[in-house]
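Numbering (my numbering), first residue to last: 1 to 352.
These are computed hints drawn from the structure, not numbers from a lab. Keep in mind that a hint or two might mislead.
Pairwise CB distance ranges, derived in the manner of DEER restraints [unchecked claim]: (1) N348 x A52: 35 to 43 angstroms; (2) D76 x A24: 31 to 39 angstroms; (3) V316 x P128: 35 to 43 angstroms; (4) R136 x P336: 17 to 25 angstroms; (5) A189 x A280: 48 to 56 angstroms; (6) Q9 x S138: 19 to 27 angstroms; (7) S314 x R289: 31 to 39 angstroms.
Think of the CB as a built atom: it goes at the ideal place given N, C-alpha and C, for glycine as much as any other residue.
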Amino acid sequence: MESDQVALQWGMAETPRIDGDPFAIARLSCLHAVRVARDVWIDEEKLQSFSAQLDLEAVRDVMKGSMGENCDIMPDHFLDVDGAINFALVFSLLQFGHGFRYELHRLCGRGASKTVTLGVRNLRSEGPLHASRLKRTSTTEIRQAFRLPNNPELEEFVRQLVTVLHQAGAILDRLGMNDFAAFCRKVLATPDGARSPAATLVRQLANHFPAFNDQGALHDGSRVVLVKKATLAVGEIRRLAGHHDPIYTVSKDFHHAVAAVDNVIPAVLAYHGVLRLSPALSLAIHEQRTPLERGPTEAELRSVALVACEWIVSAVRAAVTSLDLGYYLWRSGKAPGARQFPRHHTKNTIFY
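Required output: the full structure, derived from the provided sequences and hints.
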């Protein structure tokens, strides 16, 4: 079927299930990426210097406030826990489109992250984010909610949004779930969910929803597990729903989560000298600004950045968590200076 071929093109139909602790698997597989890296390295001296200057209090408090104009939804915007969870999950599910950032800025005056926040907010304002609605969302509705012009340059991005929503709605429906809130409640009610809620949520999201199963292949053929959006979903559930019900703080193992690495975090780390790029990759990103195809090079870049976050946490003696550090780096990447530093962009992915 054409839809299956499209899903395969974006990476949604080729990743294996995750068996075990997704955070442990991510750490181990990404550490292997560091060992076999061809184009990305960690400058340990710069990493130690960066860690020594890190504002630890700001990192620890990062989830207490707004993420800035690109992610300005707050816990008190929701009247009940289900509304908060459904927003958190749909928001995280659709956190992609960075590959179209140049087109979005030129045609819409905003980037991908701000576009997704705007779109999910508008979808929510028009009614509950139930499975039945997700699986029948039309192209016209997406263009209206996300304020996207009917322009050929954004056609693939619109198709990605529609495809991912349709697939998620169909899967929830097949599972007999009315919405993501029902899915999360069921997962957290299991013995695994009670013992390790964050890891269990990430694993179940990745194993049930292909658009959450963020993995990649390295040059040596090995696979890395990154689960960026599923990990972000846990952070957003904690940030938006924990205020309503403490079970959603996932406090038992939240500290064990990895950073949710997209294209911003590697750029911020490179901006501070923590990551070093090969001349060829630096030329492609910083001078030519050509898209990186989904594949070994962009997987390596994100994987090494994930390990750099782990080493920073270790350097500050676990005074902060990796996921909080990821949020902090992402937000700092929107500040002047780092914001202007070129980032890699990949169009044929729905993972970030």
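Here is what the structure says about each hint:
1. In this structure, N348 and A52 meet the distance hint of 35 to 43 angstroms, their C-beta atoms being roughly 39 angstroms apart.
2. For D76 paired with A24, a C-beta distance near 35 angstroms keeps the hint of 31 to 39 angstroms intact.
3. Range check, V316 to P128: about 41 angstroms between beta-carbon atoms, so the 35 to 43 angstroms window is met.
4. With their beta carbons about 42 angstroms apart, R136 and P336 fall outside the hinted range of 17 to 25 angstroms.
5. With their beta carbons about 50 angstroms apart, A189 and A280 fall inside the hinted range of 48 to 56 angstroms.
6. Take Q9 and S138: their Cβ atoms lie about 22 angstroms apart, and the range 19 to 27 angstroms holds.
7. Between S314 and R289 the beta carbon distance is about 33 angstroms. The supplied range of 31 to 39 angstroms therefore holds.
The structure is inconsistent with hint 4 alone, although it conforms to all the rest.
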